[in-house]
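Heads up: the protein sequence lines correspond to chains A and B, in order. If you want my numbering, it's the 1-based position in the first sequence plus 1292. If you want my numbering, it's the 1-based position in the second sequence plus 1351.
Hints were generated in silico from the structure; no laboratory data involved. Heads up, a few of these hints could be off.
[As the list claims (entries may be wrong)] Dumping the calculated EDC-like pairs for lysine to aspartate or glutamate here, alpha-carbon to alpha-carbon at most 20 Å:
id, chain 1, residue 1, chain 2, residue 2
1, A, K1558, A, E1485
2, A, K1622, A, E1571
3, A, K1497, B, E1363
4, A, K1497, B, D1395
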Amino acid sequence: MTDNGHNVKFWPGNIVVAEAAIAAGCNFFGGYPITPSSEIAHHMSALLPRHGGHFIQMEDEIGAMGSVIGASLAGAKALTATSGPGMSLKLENLGFGYMVEAPCVVVNVMRGGPSTGLPTHPAQADLMQARWGTHGDHPTIAIAPSFHQEIYMETIRAFNLAEQFRMPVILLLDEVLGHLSEGVIPPEPGSFEIINRKMDTGDPKTFLPYNVEKEDVPPFRPYFDGATWHTTGLNHDATGFPTTNPEYIKSDMERHIRKVLGNRDKIDKVEYYMADDAEIGVISFGSTARAAMAAVKKAREAGVKVGMLRPVTVWPFPKDQVYEFGRDKKYLVVPEFNMGQMVYEVERAVHFDRPIKRVNKVGGVPIYPNEILAAIEEVA
Amino acid sequence: MAFDYMPYIRQEKMPHMWCPGCGIGTVMKSMIRSFSELEWAPEDIAVVSGIGCTSRLPGYLNVNTLHTTHGRAISFATGIKMHRQDKHVVVISGDGDGSAIGGNHLIHAARRNIDITVIINNNNIYGMTGGQYSPTTPLGAKAATAPYGNLEPSFDLVKLLTGAGASFVARGQVGNGKQVAQLLKKAFEHKGFSFVEIVSNCHTQFGRRNKMADPMNMVNWINDRAVSERKWEKMSDDDRAKHFPVGVLHEDTERPEYCDTYEKLIAKLAEQQSA
Ligand code: SF4
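With the rest of the complex left out, here is chain A (with noise of 0.2 Å):
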């Protein structure tokens, strides 16, 4: 199909994920199947041998993940995807990401929970999951599209963050955008902006894996590649050996919170809609937002002055953003496919100064326009 000249592809969500993280580069695909992203994996392991790169169904969840950040070290695009108990299960070994700075994409397509809940059905309640799942203290990066040429873009750009800070970038769809299908114009390779990690250069045998004198993300040099240097799931100094030292290890986790909050420019992304003069704010995020806007699109039809911010990187979570978004609205309507989760950010990004209407709803079926709009009224 074309349109207007363009190649125009009609894909599902996980499909959109796989070819995007092609054209972003990707080279090694580490996964185990699980409902409902599974599709990302069977596209990979179509995709990848096609494009000189490697795919693996690993034994389990955990494996993947190890996988994956093996060969990011080794200087591979990896990406891994899984859904809700698979994320439980790969979040040590993503936090061992965090720690040794290993550039990967993790796409968690979520699903009812906790624990097997429903499979084959959507929800939003792996938000918190993401930003705190793993133990310990680590600044998270995770993005959550809404529509399929934004998860295309998106895809892309979970991976130049990646390589950009040499972190797991997570990538939050749920069940209604991996299996729903929707129109996507992949764009022209070279028409976007491919970053890879920033290469040490020096002489090899003085090689140090956490070089950050001079900058926050390390210099890297993948194994094999002249130096013999070591890394390590401990608390590290810059030769990558343990260190115990607590001044060493206050400045590093300094470091590392501030390689995310210190380029919030770079990483940072709302999107708004129907935001101007709006008296009712909405803030919703991923597949949800969809409904809102439908919802806001109704009730400004009916003369409502209602508007919407709908975050696309959730984490950091755009608190500025939401303060100069919220902090002269009315009213705020928060609605989310779990019991509430970003409302807590919300709530506190706008200082509990302002009145917030929830609109929560689990069990399977998406939270529809009417369900907003109908809380958009009531406080209208």
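Given the structure of chain A, go ahead and fit chain B with the ligand onto it with the hints provided.
Chain B with the ligand alone, transformed into the frame defined by chain A:
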């Protein structure tokens, strides 16, 4: 011949953290000897480990080294090997790390026949965490979590790995370091998944609880039970119960290696695309 270990050792990391007399030292020395005999350049080797006393070994080796999470070393090594098939990837692990929490990765890497070498330093106990029983603690032996004697039968790692499809399976023991080095060299040279169990001593955690607190007592206990495969074949069941065979115990050079198979697929698809 005088032997130069130095290119493979991170001297600045010494002294090591192991107890005096620990069997891991023999394993490390044997690994280095084999690397050197094979003339593998340090920068072309990756040694990956999990968590535990044995898993601290990579830190002392001057190669590419990765100290991962508990039990997961083989999965990291799989990613490294698939991305860089031209390089040497070795996993070093303890019995708890490798065959309990990491057991799933162990059998599946063997089944795939991916060209990595997995060495398990089997000292029959969790050393670092304080002497709890592992999957290879003998039935009846004492451990921190088996104060009345271990109630669980143990794994025979050689049988486990042979059954899982490893194309090279060997066993050595720390009472015969020379043989350990020979076995490791053969394992490193083998194309496909190679597994070497090294029966080893943790006198601190296992020996102390089982009347072998002195390292040599435990090494002798191991050494006295080791027999060649030839001898083993002729032994009665009663005798076998008191011994274990050492040497190369299984070898299959016909099984296709996983990365090779994958590369053939890439080549085939490229051919189809250009046709
Ligand atoms: S506790 Fe056991 S395995 Fe650990 S270093 Fe001491 S003797 Fe070796």
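Structure-based check of all given hints:
no. : hint              : verdict
1   : K1558/A / E1485/A : 13 Å, holds
2   : K1622/A / E1571/A : 6 Å, holds
3   : K1497/A / E1363/B : 15 Å, holds
4   : K1497/A / D1395/B : 14 Å, holds
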